[in-house]
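Those protein sequence lines, which keep their order, are chains A and B.
Take the working numbering: the final residue in the first sequence is number 266, and no numbers are missing along the way.
Take the working numbering: the final residue in the second sequence is number 425, and no numbers are missing along the way.
Keep in mind the hints are simulated off the structure, nothing from the lab.
The C-beta atom is built at its ideal place from N, Cα and C for all residues, glycine as well.
One or more hints might be untrue.
[To be verified] Mimicking EDC-like on lysine to aspartate or glutamate, the simulated pairs with C-alpha atoms at most 20 Å apart in a straight line are: (1) A:Lys253 x B:Glu216; (2) A:Lys196 x B:Asp109; (3) A:Lys11 x A:Glu80.
[Said to hold, decoys possible] Some residues of chain B that are not near chain A, with every Cβ distance over 12 Å (derived): (4) Gly113; (5) Ile219; (6) Arg231; (7) Arg263; (8) Ala277; (9) Asn292; (10) Tyr370.
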Amino acid sequence: MKEKVRIAIPKGRVLEDSLDLLRKSGFIKHPDEDYNSRKLIFNYEDDNAKLLIVKPWDVPTFVEYGAADIGIAGKDILLEKFKNVYEPLDLGIGRCKIAVAVHKSIDVNIKNVNINKETAHIGYAEDDDADEFLRKSQRDEKNKKTEIEINQNTAENIENIKNALYLLNNIRVATKYVNITKDFFKKKGISVQIVKLYGNIELAPLTGLCDVIVDLVSTGETLKQNNLLLIEEIAVITSRLIVNRASLKTNPKEIHNVIMRINQNI
Amino acid sequence: MGTQPPAGTRDFLPSEAAIITEIGKVLLSEFSKWGYKRIITPSIEYIDTLRINSDVNNLFKVVDVGSGELLSFRSDFTLQIGRLSSAIINSNALPFKFSYCGPVLRNIDVVSGKHREIWQAGVEMIGPDSPESDAELIVMAIESLKKLKIKDFNVDIGNVEFFRGIISDLDENISKKIEYCVTRKDVSSLINILENVNLSDRKKDIIIELPFMFGEEDIIKKAWDMVDNDRSKRAIENIERIISYIKTYKLDEYITIDLGEVRRLHYYTGTIFECYAPGSGYELIGGGRYNNLLESFGQNYAGAGFAINLDIISEFIGRNKITAKSDDFLIANKTADRLIPVELNKFLKNAGFKSEINFMDYGYLEHIEYMKQNYINNLVYIYNDKNNSEKEKLIISYQNIKDENKINFYSLKEFKEYIVNIKKV
Numbered sequence: 001m002k003e004k005v006r007i008a009i010p011k012g013r014v015l016e017d018s019l020d021l022l023r024k025s026g027f028i029k030h031p032d033e034d035y036n037s038r039k040l041i042f043n044y045e046d047d048n049a050k051l052l053i054v055k056p057w058d059v060p061t062f063v064e065y066g067a068a069d070i071g072i073a074g075k076d077i078l079l080e081k082f083k084n085v086y087e088p089l090d091l092g093i094g095r096c097k098i099a100v101a102v103h104k105s106i107d108v109n110i111k112n113v114n115i116n117k118e119t120a121h122i123g124y125a126e127d128d129d130a131d132e133f134l135r136k137s138q139r140d141e142k143n144k145k146t147e148i149e150i151n152q153n154t155a156e157n158i159e160n161i162k163n164a165l166y167l168l169n170n171i172r173v174a175t176k177y178v179n180i181t182k183d184f185f186k187k188k189g190i191s192v193q194i195v196k197l198y199g200n201i202e203l204a205p206l207t208g209l210c211d212v213i214v215d216l217v218s219t220g221e222t223l224k225q226n227n228l229l230l231i232e233e234i235a236v237i238t239s240r241l242i243v244n245r246a247s248l249k250t251n252p253k254e255i256h257n258v259i260m261r262i263n264q265n266i
Numbered sequence: 001m002g003t004q005p006p007a008g009t010r011d012f013l014p015s016e017a018a019i020i021t022e023i024g025k026v027l028l029s030e031f032s033k034w035g036y037k038r039i040i041t042p043s044i045e046y047i048d049t050l051r052i053n054s055d056v057n058n059l060f061k062v063v064d065v066g067s068g069e070l071l072s073f074r075s076d077f078t079l080q081i082g083r084l085s086s087a088i089i090n091s092n093a094l095p096f097k098f099s100y101c102g103p104v105l106r107n108i109d110v111v112s113g114k115h116r117e118i119w120q121a122g123v124e125m126i127g128p129d130s131p132e133s134d135a136e137l138i139v140m141a142i143e144s145l146k147k148l149k150i151k152d153f154n155v156d157i158g159n160v161e162f163f164r165g166i167i168s169d170l171d172e173n174i175s176k177k178i179e180y181c182v183t184r185k186d187v188s189s190l191i192n193i194l195e196n197v198n199l200s201d202r203k204k205d206i207i208i209e210l211p212f213m214f215g216e217e218d219i220i221k222k223a224w225d226m227v228d229n230d231r232s233k234r235a236i237e238n239i240e241r242i243i244s245y246i247k248t249y250k251l252d253e254y255i256t257i258d259l260g261e262v263r264r265l266h267y268y269t270g271t272i273f274e275c276y277a278p279g280s281g282y283e284l285i286g287g288g289r290y291n292n293l294l295e296s297f298g299q300n301y302a303g304a305g306f307a308i309n310l311d312i313i314s315e316f317i318g319r320n321k322i323t324a325k326s327d328d329f330l331i332a333n334k335t336a337d338r339l340i341p342v343e344l345n346k347f348l349k350n351a352g353f354k355s356e357i358n359f360m361d362y363g364y365l366e367h368i369e370y371m372k373q374n375y376i377n378n379l380v381y382i383y384n385d386k387n388n389s390e391k392e393k394l395i396i397s398y399q400n401i402k403d404e405n406k407i408n409f410y411s412l413k414e415f416k417e418y419i420v421n422i423k424k425v
């Protein structure tokens, strides 16, 4: 390659890890603060790469267009928005998962599901008023139990909530991952109504905007603080090395070396 | 009413249209030197034809008012050529060598920054089925880019049969996933998938190696050591024959190889190739062998071809290619004489120049501005000599606007003689 390799790296939570990795692999030499100014392009004479610092969601776009030869992008972004790039390495940094979560107050819906199941079970005794009364009191008792169980928050209960939830028709889901959410529920055969949000997704179930969210979860602390339960993981997310197709084709040897050098330092 | 065209489409102003037209002309002329004749196909086509290689979601669909059938604007010329070749194959001698040039429409996400209307030129060869015929297409592709004065580029050659040979005994479900990962050179996902598949370690290693089977000629040696199935071996042999053919044209400096390239597997059946230039993020040319295409139309003949994306090429070449031509004239008439500009116009055209009258009531400076915008260099300005008002003498003032010098003539004859002399020089 006649010019330095151009690397797009994401601003934000994986920036430090990305810089570490590039430093270990010998592409950059300066300490973090030298890459943390208002400037967006860093081309130090003694570095072996030209760094572009861009918003995480824009890394695949820069690389697809060939504005950067390689980039570091979250798998969540690659799954959400298809870009025609190569993704040869899992860098293992920025590890988290994309998951379905609900608010604890979702138990209202579980009651409904339980009622439905019950009436289906003893449906033929319906015309008897006494029976009806008896059933109602039994039902209330059961509902109380459900609430207690949910608060206990055991794996079994989470499974129950999940099953009950997925039986509902047209659940409203808030997320910034519209396509991932659509695909996930489509595969399960569940119809959902997706509300696209741009941040603080956890707020949506608290305010009654929706029942369910699909979002990134790293430690689970945010969920806990907002009374949310993680009910199913959709995918494990890590940062990937992505490569522009034309850069790889026009400089196969150099790009191969770049990939291998980074691979040795993961 | 809005003044912008629909999203993802564009108007080509004269200077841009000139580039596209010129590129098309250069390419069609190069193709014709190799025996490829231009055909013109309708701009609408049956959905069933186009869906062979295009995602139905990406078609500009329209319902045929007469029959109720679903039609679409063409998304690809190759499919139409497959259809028309099948129609005439029994009454015409093979091979068919066709070229084309025109727009295709793809209904893709407009915020991706890609065009939905794309200008393409390309060739299709129906009949031959040999590595040498593939190689000739690749040689043509190289020559075409050279004719467009693009010097720094490479042709990346692959063969989908190499991949198919390796995964042929796998469950389709699994092989589809593997294909997707190999296409994206996504090794980590590949490893994850293979973890749960019952395969020998050796085979798994081969599959994991696939995304990195790119490089120069040394990849071929590596490939021979890698596989033992006949299908993959035939694919390697095929590429070897292609390279030796290209070597006879002394064009092998342009060649790179990628055996892990498995693009559009449902469509291509053998050789595939793409041309890339440094600095352009997308491929300039894409093509390959599609021996199953004519089968869709009830015929069993081989086919191969390639397409060049004119938009990408013209962006790549840039706008500075169009320069003012010295032989363009503008005639401005500031007199009441209606005949003299017509005479001049006729004369200049007959003498082989481009000459125009703009019919605007412009002053001298406005004419100069118009000429600059339209790359016209020569002004013939006809006006009455104010200093000589009794005779109302006409002055024909000639000026090449690149310099300030004006030459005045007092009769049509003088001017004509001058121009004829310029021409001789």
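Status of the hints after comparison with the structure:
1. A:Lys253 x B:Glu216: Given that 20 Å is the threshold and the Cα spacing comes to 8 Å, the pair holds.
2. A:Lys196 x B:Asp109: Measuring from Cα to Cα gives roughly 18 Å; hence the hint holds.
3. A:Lys11 x A:Glu80: holds, 19 Å
4. Gly113: Since the minimum Cβ distance to chain A is about 7 Å, Gly113 of chain B lies within 12 Å and the statement is violated.
5. Ile219: About 9 Å separates Ile219 of chain B from the closest Cβ of chain A, which leaves it inside 12 Å; violated.
6. Arg231: Given a closest Cβ separation of 25 Å, the condition holds.
7. Arg263: violated, 10 Å
8. Ala277: violated, 7 Å
9. Asn292: holds, 24 Å
10. Tyr370: Its Cβ never comes within 12 Å of chain A, the nearest being 37 Å, so this holds.
Hint check: violations occur at hints 4, 5, 7 and 8; the rest are consistent with the structure.
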